[in-house]
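Asks: The primary structure of each chain is shown beneath.
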Amino acid sequence: MGWVLPRPPHARTSRAGTKGLQVLRFLVRRLLQAIPTLLVLSILIFAWLRSLPGGPAAALLGDKATPEKIASLNHTLGLDQPIIFQYFRFLGRALTGDFGNSLVSSQPVMSEIGTFLPATIELGISAMILAVLIGIPAGYISARFRNGPVDNVIILLTLVGVAVPVFFLGYMMQDLLAAPLGLPSQGRQAAGLDATAITNFAILDGVMTSEWDAVWDAIRHLILPAFALATIPLAVITRITRASVLDVMNEDFIRTANSKGLTQQVVRRRHVLRNGLLPVVTTIGLQTGALLGGAVLTERVFNFRGLGFLLAEGIERRDYPRLQALLLFGALVYVLVNMLVDVSYGIIDPRVRVR
Amino acid sequence: MNTLLNKKKEPIDKLAAAAVGKSLGREALSRMLRSPVAITGGVITGLFVLLAIFAPLIAPKDPFARTLQGEVNLGRGIIPGAQPGFPLGVDDFGRDELSRLLVGAQNTLLVGVLATVIGVAIGIVIGGLAGAFGGWVDTVLMRLVDVMLSVPSLLLAISVAALFAKPSQWTVIIAVSMVGVPIFARLLRGSMLVQRNSDHVLAATSLGVKRGAIVFRHMLPNSLGPVIVQATLTLATAILEAAALSFLGLGDPDPNRAEWGIMLSKGAKQFLDVRPELAYYPAIAIIVVALGFTLLGESLREALDPKNRR
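Chains A and B, in that order, give the protein sequences.
Take the first sequence: its letters are residues 52 to 406, numbered as in the numbering used here.
Take the second sequence: its letters are residues 69 to 378, numbered as in the numbering used here.
If you're looking for bench data, these hints aren't it; they were derived computationally from the structure.
Note that the structure is predicted; figures quoted are calculated from it, not measured.
Glycine included, each C-beta is placed from N, C-alpha and C at the ideal position.
All the given hints hold, so there is nothing to weed out.
Pair ranges (Cβ atoms, derived):
| hint | chain 1 | residue 1 | chain 2 | residue 2 | range |
| --- | --- | --- | --- | --- | --- |
| 1 | A | Leu-208 | B | Leu-275 | 52 to 62 Å |
| 2 | A | Arg-271 | B | Gln-338 | 20 to 30 Å |
| 3 | B | Leu-125 | A | Thr-127 | 56 to 66 Å |
| 4 | B | Lys-337 | A | Asn-309 | 48 to 58 Å |
| 5 | B | Leu-115 | A | Asp-303 | 41 to 51 Å |
| 6 | B | Gly-280 | A | Ala-116 | 45 to 55 Å |
| 7 | B | Arg-279 | A | Gln-316 | 52 to 62 Å |
| 8 | A | Ala-116 | B | Asp-322 | 21 to 31 Å |
Based on the provided sequences and hints, a complete structural model is requested.
Replies: Written out as structure tokens, the structure is:
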């Protein structure tokens with residue numbers, strides 16, 4: 052066969068139809084691969100629920116637990132039945148989103164999640180946008196001026212960034228930045244503001260109803276918590292971008308591109324950056340995990356009423372129905388986001404699909 | 069699970085494959101001694117460990133004695149600051165802050181080290197079994213590990229900590245250690261799989277060495293390099309995660325316990341308006357120590373990376 056030229060990574064498949072089918076097949080395969088994981092996860096969560104202090108019924112009833120109530124709840128939950136039946140009942144309830152009522156608010160946990168989710172999505176996406184918008188250029192600059200003073204400062208900042216406890220950083224921003232910058236440090240909305248809530252996405256609602264003061268207010272409330280939440284993903288994205296750009300710069304195809312006389316600009320933009328960003332996409336998915344954990348701390352500090360706030364309150368009040376649903380939900384979101392990233396990776400980089 | 073979490077595994081597996089080889093250890097050491105990053109990390113870590121060990125001897129005052137309690141008035145927002153005999157002032161119970169920080173170093177190191185050691189130990193058992201036996205044992209154990217990896221680390225720690233009716237220092241240590249388990253398990257399995265097919269294992273097998281001896285004398289010792297790198301990095305995250313658990317109310321509620329994470333979360337939550345130093349001191353201590361472990365771990369990783377060999 053002799054010597055085969057490697058395909059350039061951004062080469063496109065010739066026919067669009069084939070490509071669409073390829074992506075679809077890839078998507079279905081990835082979805083199917085997630086099922087065993089989710090099943091094992093459900094078994095673990097079921098085991099977790101069974102080992103809660105005092106047993107699940109006592110944990111779910113909280114302060115209201117009396118022997119009679121526990122016995123009757125045990126019966127309703129089917130805890131007097133064989134364990135395998137119990138697991139399938141649990142699975143059935145989890146699939147239909149029935150996690151019981153929160154001990155704190157007495158509302159169904161699922162409807163709580165529905166109400167609070169938009170706040171966390173807004174905060175998480177803002178933080179991720181900040182991390183990407185700052186992290187990728189910073190990492191690229193760091194790589195271009197490798198071992199120079201700029202590079203050293205950026206690396207040091209990324210190392211410090213992951214060493215600062217997130218909740219402490221949040222308090223520091225509240226204390227030192229909120230007043231000088233004139234930014235609110237608590238909650239999602241100014242007290243007197245009469246904003247219409249449709250979707251609970253504060254910015255989206257404002258845009259839909261053309262209440263521009265509400266949009267501005269929502270953005271101002273997002274700035275500090277989003278920056279606090281963004282630090283760790285920002286540090287990680289910066290370092291991954293730097294490492295990956297450095298890797299790509301040493302590749303043969305960069306030397307080829309340079310020696311065939313392409314301008315530095317074209318080489319950097321089309322060859323270095325494009326290939327260097329592939330690992331960064333993956334990192335963005337993985338950092339969702341850090342975001343979910345960080346949101347618990349950030350939302351607590353800023354009284355930003357989202358899922359993290361709900362979880363922190365649930366821990367303080369030992370609200371097990373809420374904890375159970377939120378932990379399962381968090382793991383689910385993490386798995387799904389990573390799957391999405393994986394799929395997008397397959398779309399960006401054709402090599403992944405054919406493997 | 070083969071979806072994106074593969075990407076979480078990849079760096080672990082890469083690290084596992086990286087540090088297999090013999091003279092690498094000595095070469096890595098000499099490279100570390102020339103690197104300013106490694107030396108900085110080493111000095112910080114060394115000082116911290118020394119401080120922690122000798123804390124009870126160095127501490128100028130009894131860290132539990134509520135000497136100046138009479139001068140503390142939380143209602144009026146008064147916590148006495150620095151004064152003769154109390155160079156860093158006192159905490160909300162009128163106890164010497166400097167002595168508490170010093171003794172706190174000991175407890176912080178204890179939490180970090182124990183959480184890491186437990187994580188490494190369980191991880192080594194799981195990863196070692198998977199790597200030594202392969203086949204269905206490997207499949208079952210790794211599926212479990214992958215699911216643990218698929219839960220965001222702080223959420224995993226929270227769910228473990230919530231299993232205990234009463235929080236204590238031990239529940240924090242166990243919860244934090246669980247975060248490391250899947251990472252160490254994958255790491256060890258990865259480097260053991262690389263070695264199963266290596267020449268020195270083949271040689272030992274053909275010489276008739278028993279399987280157990282091969283695993284314990286040949287494969288395991290040669291797989292420990294990446295585990296040590298990861299453990300150094302885990303020491304930093306363990307201290308940070310323990311602080312986060314304290315902040316969320318899952319930490320040790322004993323008011324006598326002096327540990328930086330507990331001191332920080334209490335200071336940041338309650339006394340930022342009264343005496344912010346009560347948050348600043350432990351925060352600076354945690355940041356410096358976490359940075360020290362990270363510098364040390366990163367330079368170890370770089371030194372062990374065969375790509376950097378000349």
